[in-house]
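**Student:** Sequence:
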Amino acid sequence: MSAITRNLPWFIRDLGVSVIGQECYTSLVENLALTDVQCLKYALSKGLGVGIVIGGSVMKVPQLLLILRAHSARGLSLTAFLFETLAYSINLFYSFRNAFPFSTYGENLFLTIQNALITCLIVYYSHRSPKRNANLATVSLGMLLTAILLNIVPEWILSFLQLSTLPLSIFSKLPQIRQNYRAQSTGQLSAFAVWSQIIGCLARLFTTLQEVGDWLVLGSFLLALALNGILGCQLWMYWGKTEVGEKVPITVGDVINGAVRLRLSTKIGGISNRMAFAE
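Each residue of the sequence shown is one higher than the one before, starting from 3 at the first, in the numbering used here.
These are computed hints drawn from the structure, not numbers from a lab. Backbone N, C-alpha and C fix where the C-beta goes; we use that ideal spot for every residue, glycine too. Just to be clear, a hint being listed does not mean it is correct.
Stated by the list, open to error - Per label pair, the in silico range of CB-to-CB distance:
hint, residue 1, residue 2, range
1, K43, A228, 16 to 26 Å
2, P11, R71, 39 to 49 Å
3, P11, V52, 18 to 28 Å
4, F104, H73, 32 to 42 Å
5, L176, P11, 50 to 60 Å
6, G23, K133, 46 to 56 Å
7, A193, W217, 27 to 37 Å
8, L168, W12, 41 to 51 Å
Produce the complete structure using the sequences and hints provided.
**Tutor:** Take a look at the structure:
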């Protein structure tokens with residue numbers, strides 16, 4: 003078997019080396035040393051990292067589609083998404099400027115973009131007024147300026163901002179958790195996005211420990227896991243429930259069905275009365 007793995011096509015070999023490095027590629031692929039625990043853990047970490055980055059590229063797409071199809075952002079907290087987008091942005095620039103492997107933070111790039119779009123949609127659908135476009139432009143410009151500033155601030159400020167992602171994580175989730183609790187409903191909140199974040203946080207704890215070892219990053223993932231876990235519990239508790247006080251729309255089908263039931267009950271009542279009279 004090792005004779006085959008040592009003669010793989012050059013493009014497969016180059017891809018393997020680029021992902022797990024020359025030493026681990028030689029050990030695991032060419033020599034088939036499956037007892038090399040360090041390289042196995044490193045390869046697992048890399049595999050999880052690449053999977054998370056790929057998953058992160060589509061994680062919020064279901065949420066975007068829910069909003070666009072419903073033409074509504076009901077149940078979504080603007081404050082929560084603003085803070086969450088800021089936290090993703092800080093983590094992205096902190097990891098990039100510290101030259102961490104892209105596989106350990108790449109999903110933050112895609113999540114920042116997707117969250118920015120969701121935030122704009124919340125503003126667009128939540129403010130049906132002449133100022134809606136102005137509010138949308140203000141939020142968009144604010145997010146753009148934030149990205150520029152995060153790229154130019156000194157390293158010590160960026161480290162402080164990374165530390166601030168811990169309270170930011172709380173502020174980004176608490177408004178959504180509170181809104182769900184008050185409404186007894188999760189509205190347009192995407193179950194796919196929430197459960198994907200829970201799984202992603204679990205995997206990121208492992209990859210961060212293996213490849214980065216930065217306790218600021220690790221702490222942010224631990225806190226995010228706990229808060230996303232609460233949202234996951236709310237999705238389970240309020241699944242299928244409409245918002246308290248919300249009027250359920252009556253469709254044409256409901257009217258027709260109601261009319262048919264009323265007519266049938268009237269006929270049955272008439273027959274019963276005639277039978278009673280005959281007796």
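**Student:** Determine for every hint whether it applies to the structure shown.
**Tutor:** Hint by hint, here is what the structure shows:
no.	hint	verdict
1	K43 <-> A228: 16 to 26 Å	holds, 25 Å
2	P11 <-> R71: 39 to 49 Å	holds, 44 Å
3	P11 <-> V52: 18 to 28 Å	holds, 20 Å
4	F104 <-> H73: 32 to 42 Å	holds, 36 Å
5	L176 <-> P11: 50 to 60 Å	holds, 52 Å
6	G23 <-> K133: 46 to 56 Å	holds, 54 Å
7	A193 <-> W217: 27 to 37 Å	holds, 31 Å
8	L168 <-> W12: 41 to 51 Å	holds, 45 Å
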